[in-house]
Amino acid sequence: MNNNILQVYEDEIQSLENEIKMLTEEYECNQHGSMAYSNGKTTKAMKSIKKKFQEDPKQYYSSPNLKTQLALLESDFSFLMKFTGVWFKNYSRKQLEKSGIKTVYKYRLSGNCQSVPFQLEFQLTEENQSDKNGYAVVTDLNIIIESEESSDLSKFVSRAEESGNLLLFFKSLSCFSEWCEHRKYTLAHFKNKYPDVVALPEGLSGDCLILKNFELSGFELMIVWKIYVDKDGKVVPVLDLLNKIPLPVLENKKFASAMPHWFRSLLHVLGIEASIEAVIKSLCRGK
Numbered sequence: 004m005n006n007n008i009l010q011v012y013e014d015e016i017q018s019l020e021n022e023i024k025m026l027t028e029e030y031e032c033n034q035h036g037s038m039a040y041s042n043g044k045t046t047k048a049m050k051s052i053k054k055k056f057q058e059d060p061k062q063y064y065s066s067p068n069l070k071t072q073l074a075l076l077e078s079d080f081s082f083l084m085k086f087t088g089v090w091f092k093n094y095s096r097k098q099l100e101k102s103g104i105k106t107v108y109k110y111r112l113s114g115n116c117q118s119v120p121f122q123l124e125f126q127l128t129e130e131n132q133s134d135k136n137g138y139a140v141v142t143d144l145n146i147i148i149e150s151e152e153s154s155d156l157s158k159f160v161s162r163a164e165e166s167g168n169l170l171l172f173f174k175s176l177s178c179f180s181e182w183c184e185h186r187k188y189t190l191a192h193f194k195n196k197y198p199d200v201v202a203l204p205e206g207l208s209g210d211c212l213i214l215k216n217f218e219l220s221g222f223e224l225m226i227v228w229k230i231y232v233d234k235d236g237k238v239v240p241v242l243d244l245l246n247k248i249p250l251p252v253l254e255n256k257k258f259a260s261a262m263p264h265w266f267r268s269l270l271h272v273l274g275i276e277a278s279i280e281a282v283i284k285s286l287c288r289g290k
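Residue numbers (the working numbering): 4 to 290.
Hints listed in this document are in silico derivations from the structure and should not be mistaken for laboratory results. Incorrect hints may have been included.
Said to hold, decoys possible - Distance condition first, Cα-Cα at most 30 Å in a straight line; then the derived DSS-like pairs of lysine-lysine: (1) Lys70 <-> Lys101; (2) Lys284 <-> Lys85; (3) Lys101 <-> Lys158; (4) Lys247 <-> Lys284; (5) Lys85 <-> Lys105; (6) Lys215 <-> Lys105; (7) Lys247 <-> Lys85; (8) Lys229 <-> Lys92; (9) Lys196 <-> Lys158; (10) Lys234 <-> Lys85; (11) Lys109 <-> Lys92; (12) Lys194 <-> Lys234.
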């Protein structure tokens, strides 16, 4: 095999190994993070990662040929995609510049994070050093997210483009997508369980559900479930309850006017699903 081609493959293997190590360490540090509702799934996946690397940490270096090493790395990369929910569909890399000091590549990536499609384009400048202590800098980052979920997500994407922090971007996008999927599952659960009480005006992909009690004419409760992304990339679900109460109901049903405050208090104690369940049951009882 041509030495130049072999060197390219070896560099690519080293880059993938570093990425796997970095992602593993990142998720170990954040396994108790914002996706608290899926702790069991996360813990199981992290144990699998640890076991995989502890069983034979030298397997990549002791493999007899390059083809075997690539197969092992592809297997690990597939595992990481399943774990993070980030799936890459298309990938291309073009070398723009190479000198004794640095090498510049242009990357194009597209894929899905859970149900959220994305496209990336950026330049990566790598310092050429034999001691492997060089640096890599992301520039000219352009991100396209096909989601109307949150204006905060759009603002965060703009900040990620400015900073070139790909790791933070994928971490936040993964968490955001997980929360969107969790919200969709929760809305479907309550719609199926209480079909006569729960209405989803925007469908399963919406951010609200309306609760009605037909014995209380004109009375409605709306639970709004937003998913915010702050300036540091932290993903936070924010819920609130709004009411539409006719005057006769307001005068005779004190629980109706107090329900928004009661719901906010329940969220801190019971969590999202149990709080919504409590509101629905109280509405059905009408007291």
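(Q) Can you confirm whether the C-alpha distance between Lys196 and Lys158 stays at or below 30 Å? (A) 36 Å, violated
Notebook entry, point to check: Taking only the CA atoms, is the gap from Lys70 to Lys101 under or equal to 30 Å?
Noted result: 26 Å, holds
Subject >> Pair hint outcome, Lys85 versus Lys105 [Cα-Cα no greater than 30 Å] >> reply: This hinted pair is violated, its Cα atoms lying about 34 Å apart.
message = Would the hint linking Lys284 and Lys85 be met if the CA-CA limit is 30 Å?
response = Measuring from Cα to Cα gives roughly 37 Å; hence the hint is violated.
> Would the pair Lys234 and Lys85 pass a check requiring their Cα atoms to be no farther apart than 30 Å?
Replying inline: Between Lys234 and Lys85 the Cα gap is close to 27 Å, so the pair holds against 30 Å.
Given hint Lys234 paired with Lys194 - CA-CA distance at most 30 Å: The given pair, whose Cα atoms are some 34 Å apart, is violated under the 30 Å limit.
query = Given the hinted pair Lys229 and Lys92, is their alpha-carbon gap at most 30 Å?
reply = Holds - the C-alpha atoms of Lys92 and Lys229 are around 29 Å apart, at most 30 Å.
*Below or equal to 30 Å on CA atoms is what counts here, so check Lys101 against Lys158.*
Between Lys101 and Lys158 the Cα gap is close to 34 Å, so the pair fails against 30 Å, i.e. violated.
Taken at face value, is the distance from the CA of Lys105 to the CA of Lys215 at most 30 Å? 64 Å, violated
Is Lys247 close enough to Lys85, meaning Cα to Cα at most 30 Å?
-> 43 Å, violated
Quiz item: Given the hint that Lys247 pairs with Lys284, does the C-alpha gap stay at or below 30 Å?
Solution: 18 Å, holds
Exercise for the section: Decide if the proposed pair is consistent with the structure: Lys109 and Lys92, CA atoms, cutoff 30 Å inclusive. Expected result: Roughly 17 Å between the alpha carbons, so the hint for Lys109 and Lys92 holds.
Of the numbered hints listed earlier, those contradicted by the structure are 2, 3, 5, 6, 7, 9 and 12.
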